[in-house]
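J.: Single-letter residue listing:
Protein chains: 2
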Amino acid sequence: MNATIIGIGLIGGSMALALKEKGLCAKVIGVDNNPWHQEKALELGLVDEVLPLEKAVPQSDLVILAVPVNAAVGLLPQVLDLVTGQVVMDVGSTKHSLIQAVAAHDKRGRYVATHPMWGTEYSGPEAAVSGAFSKKATVICNKAETDVDAVEMVEQLYGALGMHLVYMEANAHDTHVAYVSHISHITSFALANTVLEKEREEDAIFELASGGFESTVRLAKSNPDMWVPIFQQNRENVLDVLNEHISQLRKFKACLEKENWDYLKELIEGANGIRKIVDRKF
Amino acid sequence: MNATIIGIGLIGGSMALALKEKGLCAKVIGVDNNPWHQEKALELGLVDEVLPLEKAVPQSDLVILAVPVNAAVGLLPQVLDLVTGQVVMDVGSTKHSLIQAVAAHDKRGRYVATHPMWGTEYSGPEAAVSGAFSKKATVICNKAETDVDAVEMVEQLYGALGMHLVYMEANAHDTHVAYVSHISHITSFALANTVLEKEREEDAIFELASGGFESTVRLAKSNPDMWVPIFQQNRENVLDVLNEHISQLRKFKACLEKENWDYLKELIEGANGIRKIVDRKF
Chain A
6 MNATIIGIGL IGGSMALALK EKGLCAKVIG VDNNPWHQEK ALELGLVDEV
56 LPLEKAVPQS DLVILAVPVN AAVGLLPQVL DLVTGQVVMD VGSTKHSLIQ
106 AVAAHDKRGR YVATHPMWGT EYSGPEAAVS GAFSKKATVI CNKAETDVDA
156 VEMVEQLYGA LGMHLVYMEA NAHDTHVAYV SHISHITSFA LANTVLEKER
206 EEDAIFELAS GGFESTVRLA KSNPDMWVPI FQQNRENVLD VLNEHISQLR
256 KFKACLEKEN WDYLKELIEG ANGIRKIVDR KF
Chain B
6 MNATIIGIGL IGGSMALALK EKGLCAKVIG VDNNPWHQEK ALELGLVDEV
56 LPLEKAVPQS DLVILAVPVN AAVGLLPQVL DLVTGQVVMD VGSTKHSLIQ
106 AVAAHDKRGR YVATHPMWGT EYSGPEAAVS GAFSKKATVI CNKAETDVDA
156 VEMVEQLYGA LGMHLVYMEA NAHDTHVAYV SHISHITSFA LANTVLEKER
206 EEDAIFELAS GGFESTVRLA KSNPDMWVPI FQQNRENVLD VLNEHISQLR
256 KFKACLEKEN WDYLKELIEG ANGIRKIVDR KF
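Those sequence lines, one after another, are chains A and B.
Per the numbering used here, the first sequence runs over residues 6 to 287.
Per the numbering used here, the second sequence runs over residues 6 to 287.
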């Protein structure tokens with residue numbers, strides 16, 4: 006089959022590589038309004054050709070929307086307007102707003118709302134990597150609103166990429182990702198700002214920073230053009246989790262202020278409980 | 006030469022492996038008051054024999070203190086009491102309290118205060134790994150208070166392990182590590198507690214948690230017996246950084262509450278500045 010990927014960045018580009026490597030697509034067409042992305046995507050062999058949306062969709066069996074979530078809300082209805090029998094899927098980090106945006110569209114059934122749980126702190130076509138999605142989870146939202154053949158095509162595609170399928174309603178998805186992804190980004194951004202603000206001696210940070218620091222600030226390198234729209238669309242859930250996170254930090258602060266070392270030990274032992282989740286394997 | 010390592014856990018055990026692998030020590034003697042650690046350290050070949058402190062020190066040229074920082078404050082004066090011409094070094098994460106504890110000791114000159122900037126979230130002899138310290142930084146504190154031959158032995162040892170030497174006064178060290186290490190642990194502990202507290206659906210966390218979540222909560226698995234004493238000894242610096250971190254998080258909260266997306270973008274762009282530090286290489 007032929008696929009069109011709209012937005013040939015980190016996720017779109019990695020998806021393009023995966024579709025080709027797994028032999029799922031004879032041709033991958035790229036759509037991107039950034040000329041530099043177009044050029045790089047061709048140069049890196051992520052896509053076979055670059056076309057405008059209107060020309061790409063009629064030549065494709067599958068259209069994958071991989072743009073920031075604010076752009077997706079505007080683009081998805083336009084893509085569905087062009088669709089005859091094609092399947093359309095997105096790969097964005099929030100689901101409720103996008104599903105709402107096409108709830109009344111007469112081609113709603115052709116759209117499969119998905120979220121592959123993979124990413125890095127880098128962006129753009131040069132950030133695309135091969136083998137990206139293997140052994141990760143991918144979420145399919147509101148399956149019941151989607152045509153059976155469309156869901157099946159997407160399930161087969163993700164299955165071929167070695168992904169583990171999880172089904173959820175959009176609201177539940179958006180709540181869960183606030184916990185397991187969005188809050189991690191906020192803590193990492195805030196930690197980077199803390200260190201940059203207070204620690205004037207960059208050489209000292211650089212020399213002393215070890216693996217622990219690097220792993221907690223890694224996400225702070227993430228692109229604001231991707232993340233601001235995610236926080237906009239998932240504002241209430243993220244606020245909820247952020248409020249809880251600030252109160253958890255205040256408990257640590259109170260322990261230090263009051264020199265309550267027994268309670269500090271309890272808090273850390275509680276946190277150790279995360280082992281039972283992150284050390285599990287599929 | 007022969008070395009004694011007091012505390013055969015993550016750091017002591019990894020140091021034992023490194024000393025043997027680099028051919029720096031003919032014999033490594035382990036001292037540990039935990040019988041299970043003694044047994045494991047012998048079984049894993051981390052040490053050649055296990056002895057009580059009083060018997061180990063006279064047979065050694067070098068004594069390495071690798072116990073939690075609260076235990077070190079009690080043990081270091083005892084070790085120095087036993088020393089004739091040996092060199093004693095510690096590898097703990099805080100330096101001011103320990104240096105203070107032996108400031109007036111008549112063998113102060115034999116003690117080299119060090120902090121190799123390497124660790125993992127695991128603990129105990131089974132957490133020891135080979136090749137642990139290579140290409141990392143190690144701090145030597147208050148060099149001027151130490152005998153020249155003692156510092157030279159330790160410098161040669163760390164050099165042979167492939168470490169990059171950094172010299173600092175104890176107070177400066179403790180301030181810097183609050184930024185580049187201790188605060189990362191607090192944010193990670195608090196993030197784990199946030200998720201464990203609010204997200205009741207463990208299966209959802211498990212299924213959706215991706216690399217980003219894992220890297221920000223990795224340190225939350227760290228051992229409270231090691232970390233509570235670090236926070237005790239570096240209480241004021243950690244409180245200072247933690248207060249700043251909470252105010253940075255409040256800025257993100259205010260952006261979300263007021264839907265101030267321009268300022269949110271600015272905050273994230275500021276955080277992106279951490280790239281220039283963590284992406285540098287020695």
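Since the hints were made in silico from the structure, they are not lab data.
Errors might be hidden in some of the hints.
Heads up, the list lumps identical chains together, so a pair's fine if it works in one copy or across two of them.
In silico lysine-lysine, DSS-like type, Cα no more than 25 Å apart, as pairs [what the hints assert, rightly or not]:
#, residue 1, residue 2
1, LYS203, LYS258
2, LYS45, LYS112
3, LYS25, LYS258
4, LYS226, LYS281
5, LYS203, LYS281
6, LYS45, LYS27
7, LYS226, LYS270
8, LYS226, LYS141
9, LYS203, LYS256
10, LYS226, LYS27
11, LYS148, LYS112
12, LYS112, LYS263
13, LYS258, LYS112
14, LYS226, LYS256
15, LYS256, LYS32
16, LYS148, LYS281
J.: Determine for every hint whether it applies to the structure shown.
T.: Hints and how they fare:
For the homomeric pair LYS203 and LYS258, the shortest alpha-carbon distances inside one copy (18 Å) and between copies (20 Å) are both at most 25 Å. When the C-alpha separation of LYS45 and LYS112 is checked against a cutoff of 25 Å, the pair qualifies neither within a copy, at 33 Å, nor between copies, at 64 Å. In this assembly of identical chains, LYS25 and LYS258 lie within 25 Å of each other by CA distance neither inside one copy nor across copies; the values are 51 Å within and 42 Å between. Taking identical chains as interchangeable, the C-alpha atoms of LYS226 and LYS281 lie at most 25 Å apart only when they sit on different chains, with a minimum of 10 Å there against 28 Å within one chain.
In this assembly of identical chains, LYS203 and LYS281 lie within 25 Å of each other by CA distance solely across copies; the values are 16 Å between and 35 Å within a copy. Proximity of LYS45 and LYS27 under a CA criterion of 25 Å is satisfied intra-copy only: 22 Å inside one chain copy versus 46 Å between copies. Taking identical chains as interchangeable, the C-alpha atoms of LYS226 and LYS270 lie at most 25 Å apart only when they sit on different chains, with a minimum of 13 Å there against 32 Å within one chain. In this homomeric assembly, LYS226 and LYS141 come within 25 Å of each other (Cα to Cα) both inside a single copy, at 22 Å, and across copies, at 22 Å.
Proximity of LYS203 and LYS256 under a CA criterion of 25 Å is satisfied in both settings, with 22 Å inside one chain copy and 15 Å between copies. Taking the closest pair of Cα atoms, LYS226 and LYS27 never come within 25 Å of each other, the shortest separation being 30 Å inside a single copy and 37 Å across copies. In the homo-oligomer, the alpha carbons of LYS148 and LYS112 lie at most 25 Å apart inside one protomer (14 Å), although the nearest pairing across protomers, at 73 Å, exceeds that limit. With identical chains, the CA atoms of LYS112 and LYS263 are never at most 25 Å apart, being 61 Å at best within one copy and 36 Å at best between copies.
For the identical chains of this complex, LYS258 and LYS112 are neighbours neither inside a copy (53 Å) nor across copies (38 Å), given an alpha-carbon limit of 25 Å. Taking the shortest Cα distances, LYS226 and LYS256 sit within 25 Å of each other only across copies (18 Å), while inside one copy they are farther apart (28 Å). Within a single copy, LYS256 and LYS32 get their C-alpha atoms no closer than 55 Å, and across copies no closer than 46 Å, so neither meets the 25 Å cut-off. With identical chains, the CA atoms of LYS148 and LYS281 are never at most 25 Å apart, being 30 Å at best within one copy and 43 Å at best between copies.
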